[in-house]
Amino acid sequence: MYGWMGKRLRVGLTNSEIKTENLPLEYLKKWIGGRGFNSELLYHETQQGMDPFDPANPLCFGVGPLCGTFAPLSGRTTVSACSPMTCSLRGTDVHGPGDGNMGGHFGPFLKYAGYDQLVIKGKASKPVYLWIDDDHVEIKDAEPLWGSKVKEGTTRIMDELGGDPNIRVAIIGPAGENLVRYACVINSYGSATGRNGMGAVMGSKNLKAVAVRGTKPIEIADPENFARSAWELREKIHNSASAIRRREEGSMDLFDVGNAIGINANKNCSTGYMPGIEETYGGKQWAEKFLFRRKGCWSCPVSCGRTTYIKEGKYAGFYASGPEMEAVCAMGPRIDSYDVPAVNVMCGMTNQLGLDVVSVGGAISWTMECFEKGYLAQEDTGGIPFEWRDTETAMRVFEMIAYRKGFGDVLAEGSIRAAEKLGVGMDIVPHCRGQEHISVDPRIALGFSLGYAMSTRGSDHLRNYSCMEFPGCAEDRKYMTEEIFGPELAKEFWKDFPKEMWTLKPTKPRLCTWSERNKGVADLVGCCCQAIGSWGGAGNWREAYTPLLRYATGVDLPDEEVWRGAERVIAIERAGWNREGSARQDDTHIERYFTEPVAGGPHKGRKINREEWRWAQSEYYRLHGWDEDGFITPEKAKELGIEEVIPNIEKGRKLYEESMKRQKSK
Amino acid sequence: MQEEKVILVDPIKCTGCHSCEMACSMKNFGKCSPSLSRIRIIEFREINTFIPIVCQGCKDAPCLKVCPVGAITRSLSGAVVIDQDTCIGCRACMYVCPQSAPVVNPENGKLMTCDLCEGEKEPWCVKACTMQGALRLVPKYQTIARKGKEDFAWKIKEEFKPKIKEEEKVEGFSFG
Numbered sequence: 001m002y003g004w005m006g007k008r009l010r011v012g013l014t015n016s017e018i019k020t021e022n023l024p025l026e027y028l029k030k031w032i033g034g035r036g037f038n039s040e041l042l043y044h045e046t047q048q049g050m051d052p053f054d055p056a057n058p059l060c061f062g063v064g065p066l067c068g069t070f071a072p073l074s075g076r077t078t079v080s081a082c083s084p085m086t087c088s089l090r091g092t093d094v095h096g097p098g099d100g101n102m103g104g105h106f107g108p109f110l111k112y113a114g115y116d117q118l119v120i121k122g123k124a125s126k127p128v129y130l131w132i133d134d135d136h137v138e139i140k141d142a143e144p145l146w147g148s149k150v151k152e153g154t155t156r157i158m159d160e161l162g163g164d165p166n167i168r169v170a171i172i173g174p175a176g177e178n179l180v181r182y183a184c185v186i187n188s189y190g191s192a193t194g195r196n197g198m199g200a201v202m203g204s205k206n207l208k209a210v211a212v213r214g215t216k217p218i219e220i221a222d223p224e225n226f227a228r229s230a231w232e233l234r235e236k237i238h239n240s241a242s243a244i245r246r247r248e249e250g251s252m253d254l255f256d257v258g259n260a261i262g263i264n265a266n267k268n269c270s271t272g273y274m275p276g277i278e279e280t281y282g283g284k285q286w287a288e289k290f291l292f293r294r295k296g297c298w299s300c301p302v303s304c305g306r307t308t309y310i311k312e313g314k315y316a317g318f319y320a321s322g323p324e325m326e327a328v329c330a331m332g333p334r335i336d337s338y339d340v341p342a343v344n345v346m347c348g349m350t351n352q353l354g355l356d357v358v359s360v361g362g363a364i365s366w367t368m369e370c371f372e373k374g375y376l377a378q379e380d381t382g383g384i385p386f387e388w389r390d391t392e393t394a395m396r397v398f399e400m401i402a403y404r405k406g407f408g409d410v411l412a413e414g415s416i417r418a419a420e421k422l423g424v425g426m427d428i429v430p431h432c433r434g435q436e437h438i439s440v441d442p443r444i445a446l447g448f449s450l451g452y453a454m455s456t457r458g459s460d461h462l463r464n465y466s467c468m469e470f471p472g473c474a475e476d477r478k479y480m481t482e483e484i485f486g487p488e489l490a491k492e493f494w495k496d497f498p499k500e501m502w503t504l505k506p507t508k509p510r511l512c513t514w515s516e517r518n519k520g521v522a523d524l525v526g527c528c529c530q531a532i533g534s535w536g537g538a539g540n541w542r543e544a545y546t547p548l549l550r551y552a553t554g555v556d557l558p559d560e561e562v563w564r565g566a567e568r569v570i571a572i573e574r575a576g577w578n579r580e581g582s583a584r585q586d587d588t589h590i591e592r593y594f595t596e597p598v599a600g601g602p603h604k605g606r607k608i609n610r611e612e613w614r615w616a617q618s619e620y621y622r623l624h625g626w627d628e629d630g631f632i633t634p635e636k637a638k639e640l641g642i643e644e645v646i647p648n649i650e651k652g653r654k655l656y657e658e659s660m661k662r663q664k665s666k
Numbered sequence: 001m002q003e004e005k006v007i008l009v010d011p012i013k014c015t016g017c018h019s020c021e022m023a024c025s026m027k028n029f030g031k032c033s034p035s036l037s038r039i040r041i042i043e044f045r046e047i048n049t050f051i052p053i054v055c056q057g058c059k060d061a062p063c064l065k066v067c068p069v070g071a072i073t074r075s076l077s078g079a080v081v082i083d084q085d086t087c088i089g090c091r092a093c094m095y096v097c098p099q100s101a102p103v104v105n106p107e108n109g110k111l112m113t114c115d116l117c118e119g120e121k122e123p124w125c126v127k128a129c130t131m132q133g134a135l136r137l138v139p140k141y142q143t144i145a146r147k148g149k150e151d152f153a154w155k156i157k158e159e160f161k162p163k164i165k166e167e168e169k170v171e172g173f174s175f176g
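So the sequences go chain by chain: A and B. Using our numbering, the first residue of the first sequence is number 1, and each one after it goes up by one. Using our numbering, the first residue of the second sequence is number 1, and each one after it goes up by one.
By construction, these hints were calculated from the structure, which means they are not laboratory data. A hint or two may mislead.
With a cut-off of at most 35 Å between alpha-carbon atoms, the simulated DSBU-like pairs for lysine-lysine come out as follows [what the hints assert, rightly or not]: (1) A:604 - A:499; (2) A:7 - A:664; (3) A:140 - B:31; (4) B:13 - A:284; (5) A:373 - A:664; (6) A:495 - A:664; (7) B:65 - B:31; (8) A:311 - B:110; (9) A:311 - B:31; (10) A:236 - B:65.
Note that the structure is a prediction, hence the values are computed from the model and not measured.
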């Protein structure tokens with residue numbers, strides 16, 4: 001077997017069952033890897049109405065065929081399970097497929113141990129961790145480790161297993177143990193599977209960690225061409241100005257750009273601009289003041305990972321992994337804070353506790369806005385005042401959330417469920433499918449906005465990574481526009497550029513569709529999406545990853561097949577939602593973004609036009625071959641080779657129609 | 001005579017991405033595995049410190065003397081190389097090496113060291129590290145080589161150790 005390892009490891013925690021399955025070549029070709037394997041398994045081994053904390057919920061760690069090879073940027077792992085975080089308009093007890101993607105070193109070592117996928121089911125009777133040492137798989141006692149934070153837990157597990165630095169540990173913090181709905185799995189001390197609460201699923205299985213060591217080589221079908229192709233891509237990255245900038249400044253390099261064009265969503269995603277945050281949070285300034293050392297995911301020449309060391313001031317002496325741009329956004333601008341050292345400490349804390357930084361920032365900023373608007377007062381929160389810019393309170397609340405103490409217990413459910421429980425502020429939760437947005441304002445960057453709404457894992461930019469809608473990226477990658485839009489729409493795209501980039505033009509649904517498959521290919525092969533997204537130094541999916549994929553696996557996988565593979569994965573995830581009766585009604589934003597204009601900055605006064613939005617939804621469905629309500633059509637399912645979804649979608653349609661009727665009668 | 005060269009290692013710049021290991025195993029075996037690589041990154045991930053270990057081709061190499069079958073020779077480029085056919089896998093070179101640079105090939109139990117990718121313009125690991133610059137190919141015995149090591153020793157002592165201590169001292173927070 002070349003490229004892939006050809007094996008799936010299944011672990012049943014209830015009865016301590018361990019078995020391996022061989023994956024036939026047909027299957028590998030169809031689902032390619034990583035997110036493909038995970039989403040396929042997730043669809044087929046969960047049913048409609050699945051409870052994410054049910055022991056039968058499969059927790060899958062999937063890696064792609066390029067993961068852990070000499071191909072640059074190849075260190076990504078996808079972790080999937082039915083998500084406790086997301087929900088539907090049908091009710092907050094409706095859950096769809098979820099996943100998180102992490103960098104670091106865990107995935108490559110899972111592959112060196114000989115597995116393409118690890119699937120964990122069942123529930124252990126007491127805390128355990130899983131130890132995979134090549135063919136030796138063991139379920140070990142983790143009772144003494146229960147309650148430990150990420151850093152302590154990782155170190156203790158490594159010590160217990162002999163202190164070999166070649167052991168990689170993916171672990172949950174206290175947040176995962178206490179089933180905080182947006183808890184992460186964290187590997188290599190600081191690489192997290194953000195969003196969707198995979199850590200909570202792991203915690204519900206009483207599984208503290210997965211430790212892995214591998215010594216098997218990944219065989220390459222055509223080493224000569226593979227190496228040549230990898231060198232070409234590496235050289236392209238070495239010479240790319242955006243890659244060099246990303247290396248120097250980390251992903252915080254996006255702050256200058258983002259704030260200048262006014263897309264950063266601040267103060268609970270209510271305004272798109274914050275005066276002066278470039279100077280405060282800009283990548284260069286950050287690197288000068290706080291950068292201790294860079295760290296890289298597996299085989300990544302760029303190494304945009306950071307470690308922080310605070311030299312002076314209140315938090316002098318603080319050292320931690322991270323942060324990343326979205327983390328800084330969620331901890332800083334989102335709560336209107338300009339206090340950079342505090343933000344660094346907050347990012348470090350969330351990592352240690354195992355919380356998803358965007359959702360925890362979302363929950364806290366939502367509470368702050370509720371206080372501002374008078375929806376909540378101190379007596380509702382157990383005496384804790386939530387004021388904008390109050391970083392100290394936020395830090396206190398993190399611990400409360402992770403251990404589900406006091407008001408933290410409410411926020412641990414995520415802002416949408418907190419709003420439901422408290423009965424206030426539902427209209428100001430910036431979410432799609434129950435998950436909070438990242439910090440790009442959905443009223444301004446409409447390609448991103450459409451992406452949030454259509455995303456198959458709740459609002460998230462890393463599904464439909466429509467970076468081409470930002471003037472800088474578009475100019476950098478001008479040559480791609482014909483491929484993305486076709487000749488006609490490409491003209492439309494460049495008309496009145498860049499002024500007209502911020503309206504819902506006919507190009508947006510097309511861009512969104514292309515970008516989500518572009519990103520999908522990166523997830524399938526197990527590589528980084530940033531290189532073909534935000535900094536884009538590697539070009540697009542076709543230039544970067546498909547030649548490498550063919551040389552590594554030696555399998556005839558033409559570009560169209562890979563593209564089709566990405567479409568198939570998106571379709572099966574969508575089918576998971578369709579099965580739950582979630583379709584058009586959920587593919588939208590909260591009322592606020594249609595009625596309340598942006599408060600300040602270059603895009604003051606902008607809001608989403610409802611008619612245009614409806615049109616964009618329909619156009620997006622049309623491009624995917626889905627019907628007007630957003631359900632996958634039987635023809636499309638047959639075309640993609642996933643006929644088995646058809647009966648389930650019909651059942652889902654009934655649920656959808658019922659819920660629409662109920663809504664109308666209301 | 002060909003100028004003797006050595007790979008100069010600057011651990012301060014290493015980001016622990018293991019690109020060099022991948023490049024090495026790819027070049028020499030056409031496979032990808034850190035255990036087949038002749039360069040290794042020793043990780044102290046908890047404190048984000050990574051130290052690449054690669055044969056430095058010592059001037060007075062102890063492994064040359066200790067090899068019982070005479071499998072180790074010095075190449076024209078100054079690298080100390082192990083002949084795979086002669087090696088019996090006794091690991092004497094590995095034990096005697098000041099930095100334990102020889103690597104056991106897991107496939108046949110024999111030892112291997114860096115040959116500076118003979119015949120290539122630049123060793124693959126160095127090329128893979130272009131952006132970070134933690135590995136550089138420099139003429140042997142150049143003062144810069146010594147300076148690099150001194151720098152690192154200084155940084156570890158002056159900058160690094162206090163950091164780790166103070167980290168535990170931050171008031172009001174407990175970080176593992």
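Pair hint outcome, residue 311 of chain A versus residue 110 of chain B [Cα-Cα no greater than 35 Å]
violated, 48 Å
- Task: Could you grab the alpha-carbon distance between residue 236 of chain A and residue 65 of chain B and see if it respects the 35 Å cut-off?
- Result: violated, 44 Å
Checklist entry - Given the hinted pair residue 13 of chain B and residue 284 of chain A, is their alpha-carbon gap at most 35 Å? => result holds, 18 Å
Measure nothing beyond the straight line between the CA atoms of residue 65 of chain B and residue 31 of chain B; if it is 35 Å or shorter, mark the hint as holding. holds, 32 Å
Regarding the pair residue 495 of chain A and residue 664 of chain A, is the alpha-carbon distance no greater than 35 Å?
violated, 41 Å
Inset, instruction - For the pair we were handed, residue 604 of chain A and residue 499 of chain A, check the Cα-Cα distance against 35 Å. - result: Given that 35 Å is the threshold and the Cα spacing comes to 14 Å, the pair holds.
Q.
Run the distance test for residue 140 of chain A versus residue 31 of chain B: straight-line Cα separation, threshold 35 Å.
A. holds, 32 Å
Point to revise | Pair hint residue 311 of chain A and residue 31 of chain B, alpha-carbon separation not exceeding 35 Å | key: With a Cα-Cα distance of about 43 Å, the restraint between residue 311 of chain A and residue 31 of chain B is violated, given a limit of 35 Å.
Would the hint linking residue 373 of chain A and residue 664 of chain A be met if the CA-CA limit is 35 Å? holds, 29 Å
- Taking only the CA atoms, is the gap from residue 7 of chain A to residue 664 of chain A under or equal to 35 Å? violated, 50 Å
When each numbered hint is compared with the structure, violations occur for hints 2, 6, 8, 9 and 10.
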